[in-house]
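Student: Sequence:
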Amino acid sequence: MLSVGGLAAGMAHEINNPLASILQALQVVNRRLDPDLPANAGVARELGLDLGLVRQYMEQRGLTDFLRGMHEAGVRAARIVSNMLGFSRKSGGECAPCHLAEILDKAVELASGDYDLKKQYDFRHIEIIREFVPDMEPVDCQGMEMEQVFFNILKNAAQALKDRPDASVAPRITLRVRPEKLNAVVEIEDNGPGMSEDVRRRVFEPFFTTKDVGVGTGLGLSVVFFIVAENHKGSVAVESAPGGGARFVIRLPYSRSG
1 MLSVGGLAAG
11 MAHEINNPLA
21 SILQALQVVN
31 RRLDPDLPAN
41 AGVARELGLD
51 LGLVRQYMEQ
61 RGLTDFLRGM
71 HEAGVRAARI
81 VSNMLGFSRK
91 SGGECAPCHL
101 AEILDKAVEL
111 ASGDYDLKKQ
121 YDFRHIEIIR
131 EFVPDMEPVD
141 CQGMEMEQVF
151 FNILKNAAQA
161 LKDRPDASVA
171 PRITLRVRPE
181 KLNAVVEIED
191 NGPGMSEDVR
201 RRVFEPFFTT
211 KDVGVGTGLG
221 LSVVFFIVAE
231 NHKGSVAVES
241 APGGGARFVI
251 RLPYSRSG
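Counted from 1, the sequence shown has number 49 at position 49 by this note's numbering; the numbering is strictly sequential.
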């Protein structure tokens, strides 16, 4: 995973600069075509050009849709680059004692307000069941990274619930936090469509995705694995079967000393 992380970082840095130039150029093109900007109106008058007619021509010929599609594709590519950098990055923060139930609640709040989820999977329509063992010992971890881990799994669950086989069954995510002798255990379980054995075995592979083109990057769960296994010396596994939902199980050692 480390070698793949290094490759991802190199690719991301190489892609980032030209991608930023493309997005900036698209923004400039849209601004230069705006008839309401005084500078544009002035140049158009000098040339005897009606920007309103130019805009109308572009809309009728579908050029505005092309520009919009180019921008959306660029933003999607930028998100992939960001995920690649996140996948490759070592832990950048200090570890401190954290209560995992609190971090999990923050991740739920983050998912509830996430713009992308609201567009397609509105997280607020999902029933959240909490089964937290009270007064658990805190875990030595990097809180922001673990919030990202939980958010990525919650987002994956919300996307799966959209495709649940029986739409009459209310979508549900069950969150569990419980102690073991040496580890704290977090479970995130959904009642979605589940996954085949082949998908289950590959779910943490970088760039592996079962989603439609443009929907998933295939890096969200790879980032989960990297943060948990490499940065926190824990483990993450998934239990699932077709039609039986999915349950992600994360184990974090209480202390990473040594």
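Note that these hints are calculated values from the structure, not bench results.
Treat the hints loosely; a few may be bogus.
The calculated DSS-like cross-link candidates involving lysine-lysine, where the alpha carbons are at most 27 Å apart (straight line), are [said to hold, decoys possible]:
(1) Lys162 x Lys106
(2) Lys181 x Lys233
(3) Lys181 x Lys106
(4) Lys106 x Lys233
Student: For every hint, state whether the structure bears it out.
Tutor: Evaluation of the provided hints:
1. Lys162 x Lys106: holds (22 Å)
2. Lys181 x Lys233: holds (16 Å)
3. Lys181 x Lys106: OK: Lys181 and Lys106 at ~26 Å, within 27 Å.
4. Lys106 x Lys233: holds (22 Å)
Checked against the numbered hints above, the structure violates none of them.
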